[in-house]
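For the protein sequence lines, the chains are A and B, in the order given.
Numbered per numbering that gives the first Met the number 0, the first sequence spans residues 0 to 386.
Numbered per numbering that gives the first Met the number 0, the second sequence spans residues 0 to 386.
In case anyone wonders, no lab produced these hints; they're calculated from the structure.
Predicted, not measured: the structure shown is a model, and the values here were computed from it.
Honestly, I wouldn't trust all of these hints.
[As the list claims (entries may be wrong)] Restraint-style ranges between C-beta atoms, simulated for each label pair:
1. K253/A - Q360/B: 45 to 53 angstroms
2. Q23/B - D254/A: 25 to 33 angstroms
3. H136/A - D102/B: 33 to 41 angstroms
4. E221/B - E15/A: 48 to 56 angstroms
5. R304/B - A355/A: 18 to 26 angstroms
Each residue gets a CB set at the ideal place from its N, CA and C atoms; glycine is no exception.
2 protein chains.
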Amino acid sequence: MRSVSIIGIGQTPVGELWDLSARQLAYQAVAGAMADAGIDRADALFVGNMLSGRLLDQEHLATLVADFCGLRGIEAAKVEAACASGGAAVRVGTMAVASGFHDIVIVAGVEKMTDTVGKDTTAGLATAADAEYEALHGVSFVSLNALIMQRYMHEYAVPLDAFAGFSINAHRNGANNPNAMFQDAITREDYMRAPLIATPINMMDSSPVCDGAAALVLVPTEWTREFTTGHHRGAVRILASASANDTLAVHDRKDPLFLEAAYVSSQKALRQAGLTQADLDLFELHDAFTIMSALGLEANGFARRGEGWRMATEGEIGINGRIPISTMGGLKSRGHPVGATGVYQIVELIQQLTGAAGANQVKDARLGMAQNIGGSGATIVTHILGG
Amino acid sequence: MRSVSIIGIGQTPVGELWDLSARQLAYQAVAGAMADAGIDRADALFVGNMLSGRLLDQEHLATLVADFCGLRGIEAAKVEAACASGGAAVRVGTMAVASGFHDIVIVAGVEKMTDTVGKDTTAGLATAADAEYEALHGVSFVSLNALIMQRYMHEYAVPLDAFAGFSINAHRNGANNPNAMFQDAITREDYMRAPLIATPINMMDSSPVCDGAAALVLVPTEWTREFTTGHHRGAVRILASASANDTLAVHDRKDPLFLEAAYVSSQKALRQAGLTQADLDLFELHDAFTIMSALGLEANGFARRGEGWRMATEGEIGINGRIPISTMGGLKSRGHPVGATGVYQIVELIQQLTGAAGANQVKDARLGMAQNIGGSGATIVTHILGG
C-alpha cells in the first residue's frame, strides 16, 4: 500500500451563505486547496455530501463540481454516509492514492443547507436515521440525540449543566477562527439561558444548520518532496484511515450510551498507525451535540464510561489541556455543514500539525485524530495524521 | 497494486417489486452474492444508489444495508454518480481491495423507484442533470435524450426506425433472462407502433422505471484459489477499472453527439488491461435509450461516428454477432433500477465469462467490457473483466 499525504487544504467560511450556491462553495474550497498545493490538475475528485439531492434537486454532484472547477475527463463520484460523508470521502480518496489508481486526488466536502426554498432541512437531516423505524414515527435528529442525552443524565445522575463546558470550549476556540460561523465566546450563563430545542438539548448543546465547503489534495507520500518546496506549509501524512458501522437505529443497540463504532473505528486506526490514544496531541471529535462530545471521549478511551462530561473543563479539553478538542470551534462554533464537516476536521487538523492554527495553536502538535460521525453513531470514520 | 477478482454474484429479479423495500432488495442480492462466494463475513460494503434520499426519505443507505445484512463493525458508504452509481461503487470496491485496506469487499447496487407514494420519480431522475441550467427549465431525462436523438437523426439523416434493432435485440435476450423485467421478444412492428414519450423517443427506445438490486464479492486475486474450489463458478479478474467525466449539462459540450467521457473512460481501461476493443468478446453497454446504444458503440470505437445505428442488426450486436451487447436484456429489457444497473452489468458479464448465461451464452466469451453512464454522458465508468 502506498503511503498517502496531504499537500493542500482549502475552505470557505461557514455560515448562512445565501449568495453562494453549492457549486460555487465547492469551487472556492477546491481552488483554494489546489493553489495551496501548487497544482493545476488532478486525476480524481471525490465529494462528500449528504443532502444535495433533496435540498438542491441536484444529484450527480461530484461530476458537477469537477465540471465547474474545470476538471474534465477525470474520475468523479459523490460519497455519502450521512454526517460522516466528508470523512467517508477522505477514506475513498485515500484508497484511490494508496491503491496506485491515482496520483493526485482532490477530496471535497460541501453542503448547502440554508436558503433552500421550499425544502425541509430538518426532514432532510432525519434521513440519516432509519426511515421506517425511526423517522417515520416523527423522530428528528435533534430528538434522537435528546433521548440519548436524557438517558445519559438519568443513568449517570448527571446535572443539566454538566455539558456547558463543551459548548464554552468550542465557542472560545471558534472566536479565533475567521472561518467559524460563530466567532463569539460564550459564558456559562449564556449556556444556562439558551432556549431548549428538544429537552434536554438547548441551543448551545446543538450545532447549527449552515453552508460550507472544504477540500484537500492527496498525493503519494513519496511525491511530496517535489510539491512542498519554498513557502509550502509542508505535507502531512495520513497515518491511518478507518471506518466502522453500528446499527442505524438507536433502539437496536445493545447499549445506546456506548459508541461501539467509534471504539471499533479508532481501534482500527490506532492499530494502523501503531499508536495508542495517549500518543495523540489533539482530537477533532464530532460535537454535533454536546452529548456526542461526552460519548466520543468515552468510546475513544479518553474518559471512563459515564465520566466524559467531567472532561468539559479547560484543563482537559482546552487548547493547553490534556487532549484539546474542537480546536477551531468544532461543529458547534465553526459550524456543521453536514457533508463537509469531515473534511473541515482534516483541514483544521492540518492547520494544527503545520503550525498554522494561529491563536488556537496546540503547542508542539505532532499527532492528531479526527473522528466524523454519521447518524447517531451508526457510521464512524477515523483518521490519524502526523507531520 | 493488488489484482482484484470477483468470487460471488447475486441479484434480484428486476421489476415493480412492491412487496420488497430497498433494504430487503439489497439483502437478497448481498446474501446471494455471499452464498455464491461461500463467505460469511466481509470487511466493507459499498452501495451504489442514486435516489434513496428523495424517493425513500433514506440517506445513510450503505450503513442501513450493512446493518440489515448483519454486517456490523465493517466500513460502509454509499457511492453516487447518478445512473453510474453502481459502476462508481464497483470502482471504490476495487480500490479498497487493490490498496490493501480490505480483503473481502461487497459491492451492492440497489434502487427502489416504484411504489414511492407521494414522490416524483421523474423529477428525481432529472437531478442527474444540471439543476440550475437544465432541470430548472423543465427538462426531464427523457427529453434531454430526445434532444440528442433528434439532433443525431438530423445530422446523419437517419430515419426514425433506425434504432428499432437495439430494442429488438435487448428484448430477444431479455426473454431468456429469468431476472429481466420484460421477458417478451418484440417485433419491428411492436417498435413502430409504440407510443411516443418525448419525440422521437418512444416506449421501446426507453428503459423502464423499476426496482432491483445486485451484488458482488471482491477479493485479492491471490486469494481466489482458496475460495473457488468444488462447484464454485470460478473467479473472474477485474482487468481494468476506470472512470471519466464530461460537462454535466449537454449544452456545454463541444459536440453533444460524441460521448467524450466514454472514449476517455474506455481508453483508460483498455490501457490498464493492455487490450484493444477488438479483443473484447462482448460489451455490456448502457442502453438507457436506444440513442445511447448508438453513441456508445461509436465512442468506444465499434462503429464510425454517425454509423452506430447501422450495427442494430443481429449479425452485429446479437449473441452470435460481431460484438454482442445487452446480452441479458440490457437496461431496456432486464430493466434499469438506476443505481443498481452498473452492478447488474458486472453480474451479467460474469455470468457470460463463467459460462452461466444459459440460452444467451456468448460462445467462448473470455474478455468482456461493461460501461455504466451517469447523466446524459457526464460520468462514464468502464470495467474490463477476464477469466
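A quick look at each hint next to the structure:
no.: 1; hint: K253/A - Q360/B: 45 to 53 angstroms; result: holds (49 angstroms)
no.: 2; hint: Q23/B - D254/A: 25 to 33 angstroms; result: holds (27 angstroms)
no.: 3; hint: H136/A - D102/B: 33 to 41 angstroms; result: holds (39 angstroms)
no.: 4; hint: E221/B - E15/A: 48 to 56 angstroms; result: holds (53 angstroms)
no.: 5; hint: R304/B - A355/A: 18 to 26 angstroms; result: violated (52 angstroms)
Violation of the numbered hints given earlier is confined to hint 5; every other hint is satisfied by the structure.
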